[in-house]
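Enquirer: Assemble chain B onto chain A, guided by the hints.
So the sequence lines, in the order shown, correspond to chains A and B.
For any residue, its number in this note's numbering is found by taking its place in the first sequence, counting from 1, and adding 214.
For any residue, its number in this note's numbering is found by taking its place in the second sequence, counting from 1, and adding 214.
Certain hints may be false.
Unchecked claim - Below are the DSSO-like pairs computed for lysine-lysine, each with C-alpha atoms no more than 30 Å apart in a straight line:
no.: 1; chain 1: B; residue 1: 440; chain 2: A; residue 2: 531
no.: 2; chain 1: A; residue 1: 441; chain 2: B; residue 2: 531
no.: 3; chain 1: B; residue 1: 531; chain 2: A; residue 2: 440
no.: 4; chain 1: B; residue 1: 522; chain 2: A; residue 2: 441
no.: 5; chain 1: A; residue 1: 230; chain 2: B; residue 2: 522
no.: 6; chain 1: A; residue 1: 531; chain 2: B; residue 2: 259
no.: 7; chain 1: A; residue 1: 441; chain 2: B; residue 2: 440
no.: 8; chain 1: B; residue 1: 230; chain 2: A; residue 2: 531
no.: 9; chain 1: B; residue 1: 441; chain 2: A; residue 2: 441
no.: 10; chain 1: B; residue 1: 259; chain 2: A; residue 2: 545
no.: 11; chain 1: B; residue 1: 440; chain 2: A; residue 2: 522
no.: 12; chain 1: A; residue 1: 522; chain 2: A; residue 2: 545
no.: 13; chain 1: A; residue 1: 522; chain 2: B; residue 2: 230
no.: 14; chain 1: B; residue 1: 522; chain 2: B; residue 2: 259
Bear in mind the hints are in silico, worked out from the structure with no lab data behind them.
Protein chains: 2
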Amino acid sequence: MFDFNYFTPTKVVFGKNTQVKVADLIKEFGGSKVLVHYGTGSVVKSGLLKQVTDVLECSNIEYVTLGGAVPNPHLSLVYEGIELCKKENVDFILAVGGGSAIDSAKAIGYGVANEGDVWDFYDYKRKASGCLPIGVILTIAATGSEMSDSSVITKEEGLVKRGYSSDYCRPRFAIMNPELTMTLPDYQTACGCTDIMMHTMERYFTNGGNMEITDSLAEGLLRTVKKNAVILKEQPDNYEARAEVMWAGSLAHNGLTGCGNDGGDWMTHKLEHELGGLYDVAHGAGLAAVWGSWARYVYKNCLDRFKKFAINVMDIKESGSDEEIALLGIKAMEDFYRSIDMPVNLRELGVEPTEDELKLMAHKCAVGVGGQMGSARLLNEEDMLAIYKASV
Amino acid sequence: MFDFNYFTPTKVVFGKNTQVKVADLIKEFGGSKVLVHYGTGSVVKSGLLKQVTDVLECSNIEYVTLGGAVPNPHLSLVYEGIELCKKENVDFILAVGGGSAIDSAKAIGYGVANEGDVWDFYDYKRKASGCLPIGVILTIAATGSEMSDSSVITKEEGLVKRGYSSDYCRPRFAIMNPELTMTLPDYQTACGCTDIMMHTMERYFTNGGNMEITDSLAEGLLRTVKKNAVILKEQPDNYEARAEVMWAGSLAHNGLTGCGNDGGDWMTHKLEHELGGLYDVAHGAGLAAVWGSWARYVYKNCLDRFKKFAINVMDIKESGSDEEIALLGIKAMEDFYRSIDMPVNLRELGVEPTEDELKLMAHKCAVGVGGQMGSARLLNEEDMLAIYKASV
Chain A
215 MFDFNYFTPT KVVFGKNTQV KVADLIKEFG GSKVLVHYGT GSVVKSGLLK
265 QVTDVLECSN IEYVTLGGAV PNPHLSLVYE GIELCKKENV DFILAVGGGS
315 AIDSAKAIGY GVANEGDVWD FYDYKRKASG CLPIGVILTI AATGSEMSDS
365 SVITKEEGLV KRGYSSDYCR PRFAIMNPEL TMTLPDYQTA CGCTDIMMHT
415 MERYFTNGGN MEITDSLAEG LLRTVKKNAV ILKEQPDNYE ARAEVMWAGS
465 LAHNGLTGCG NDGGDWMTHK LEHELGGLYD VAHGAGLAAV WGSWARYVYK
515 NCLDRFKKFA INVMDIKESG SDEEIALLGI KAMEDFYRSI DMPVNLRELG
565 VEPTEDELKL MAHKCAVGVG GQMGSARLLN EEDMLAIYKA SV
Chain B
215 MFDFNYFTPT KVVFGKNTQV KVADLIKEFG GSKVLVHYGT GSVVKSGLLK
265 QVTDVLECSN IEYVTLGGAV PNPHLSLVYE GIELCKKENV DFILAVGGGS
315 AIDSAKAIGY GVANEGDVWD FYDYKRKASG CLPIGVILTI AATGSEMSDS
365 SVITKEEGLV KRGYSSDYCR PRFAIMNPEL TMTLPDYQTA CGCTDIMMHT
415 MERYFTNGGN MEITDSLAEG LLRTVKKNAV ILKEQPDNYE ARAEVMWAGS
465 LAHNGLTGCG NDGGDWMTHK LEHELGGLYD VAHGAGLAAV WGSWARYVYK
515 NCLDRFKKFA INVMDIKESG SDEEIALLGI KAMEDFYRSI DMPVNLRELG
565 VEPTEDELKL MAHKCAVGVG GQMGSARLLN EEDMLAIYKA SV
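Bound-form chain A, shown alone (with noise of 0.2 Å):
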């Protein structure tokens, strides 16, 4: 195994009607002056915003507002927010939403508390030396941002999306209700079962320094996650379902599935990346898509990971070959993906690239991993090319 570092601070609170703590944990972690950062419609629609900015005028804590973060939040939305925090002295970014809205936040709170262009830190020129503190209201389990150190931005010149990743921008609290949850339509919600386990499943597939303990509690999370997406599908209000997925998605990417590892693998989330920049498809649906094809083409690499995946979380008998049992949990995972209306293949995700997209996305994936990546298997860019004509 490997040394590794662990630091989850985000002081979550989690449970029925929890949003209407927030005024105190934004005074408790030093705030102010608040920018409520949101999303589109649905937390207006759903009178969510409303009840939040209520809670902030009892408690006499100043605020603005910010919607409009879209899936794959758009760079020129943070600089709109850079400004605004700075032209109102806002000390603290309350984000009220999905993955989007937090990393959204996280990017304006780089940008207010770091001079120069915010873009530098996601475009790997420079380091950021802070953050404005955030506070989350999470109304949808996915990305676990939530509690975690990274974001994500698309430059709509060009469309390139990016991450940076930093202990500054880890939120200092996360209020988690799963009944806000409850109104998302079962796609989203699938996306989001989709997304939390390949959080987990990047992290596990690797050739580098796995602990034992980290395996147990990465297959629990996946074994709870797969059981309670399904339940889902049937019951959207299901709040115990609802509440073991939101949980799951918040462990599943705050560091805890990985520790001991070299770090993951990551190549599914920077192959989706390329679809999610160029068309805008749902994160957790273009995880879904490519992950087969990325499976078979690197499981002989990473065979002890991919057998142990299949007995211990897709529950296929021992028998065969270790190269049939992996062979047999990937497509087990896959049965499991459509059982909850999610693609497998791009034709599924309703995306035709023809081959000089697939070679731009091949490319562009290449370039921006800095060559070539991965720990189940080394990938350059041919490999990413075969990867994405495979999931055509």
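Expert: Just chain B now, kept in the frame of chain A:
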């Protein structure tokens, strides 16, 4: 399931030779004058203390030292530490050792940051409003105090052992180098593994609001420690096994394995606390000595959980009645304790209390918990006496 808060701000730095990072970490968390607090001779003999103070000196961090923290750490040393910190204007406490040094450091931290007698907190008379920041270099995997909110102190007068919990005392950082635990006597290693498992089991055997994901994490952790405790009996210098147990120790008591439940049962700990207070036995061994008697006394009131534990942790095959499966699980746990040379009754623990002493312990235990306590089964003084008697 129940609502919950989850707050684990401790920065974990895990791996070989990580103790050399101590000065940077102290500076990161604002320390400028440090109390280095440790236990009895082992950290001196091993050279660790010298290595730590050398690092502090090289980094121009001023420090004073205070040794002498013993298992079931004493209030008198806590008072001494508080005086020393006030006299020397200490603003950071570094605990070098295991649960004794860390718990003692936490109590000193409370005493410096709050007016009045620090014992008031442990005597449930009032609540702390702060604590000096604490850092840890861990040398024993056991209590989980390196990430937990709890500390246990023994008042020598009347041998009263009490715990106090608050988020204020959670360490700012914990340096965990599994190599530092390799020189432990086998008995202490086994006691540590027992303590780690019990921290999870106390949270597992409840009748209140459990979550599937919490259960799956708890069961994975228990299986990992059970397996590696046996490995360590034969190979005490097995780094991987040391690391699995060390990380499990932190996760077992930082709150993770209790999310969504009612807070846990904790009666085995309370029963052991009286043993520890009266006989100064090793905490882990005391837990092992009373657990089986507690389990057989309560299992019918918490049958589903005992059955689940038997199957998912102790590998009992699912045949026979639920009660039979539960009892087989309890017996398998005792067999495991014996396999790592842990006692499963008071005689094996080396303690032979008189009838009056048993009554005294039951009475003190009942008073300590305010009359009655327990989630698997609510226990009063009479029940406690029955369990003590069954464990003789």
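Enquirer: Take the hints in turn and mark each one as holding or not.
Expert: Tested hints:
no. : hint             : result
1   : B:440 with A:531 : 24 Å, holds
2   : A:441 with B:531 : 23 Å, holds
3   : B:531 with A:440 : 24 Å, holds
4   : B:522 with A:441 : 17 Å, holds
5   : A:230 with B:522 : 28 Å, holds
6   : A:531 with B:259 : 52 Å, violated
7   : A:441 with B:440 : 27 Å, holds
8   : B:230 with A:531 : 38 Å, violated
9   : B:441 with A:441 : 27 Å, holds
10  : B:259 with A:545 : 57 Å, violated
11  : B:440 with A:522 : 20 Å, holds
12  : A:522 with A:545 : 14 Å, holds
13  : A:522 with B:230 : 28 Å, holds
14  : B:522 with B:259 : 45 Å, violated
Of the numbered hints given earlier, the model fails hints 6, 8, 10, 14; all others are met.
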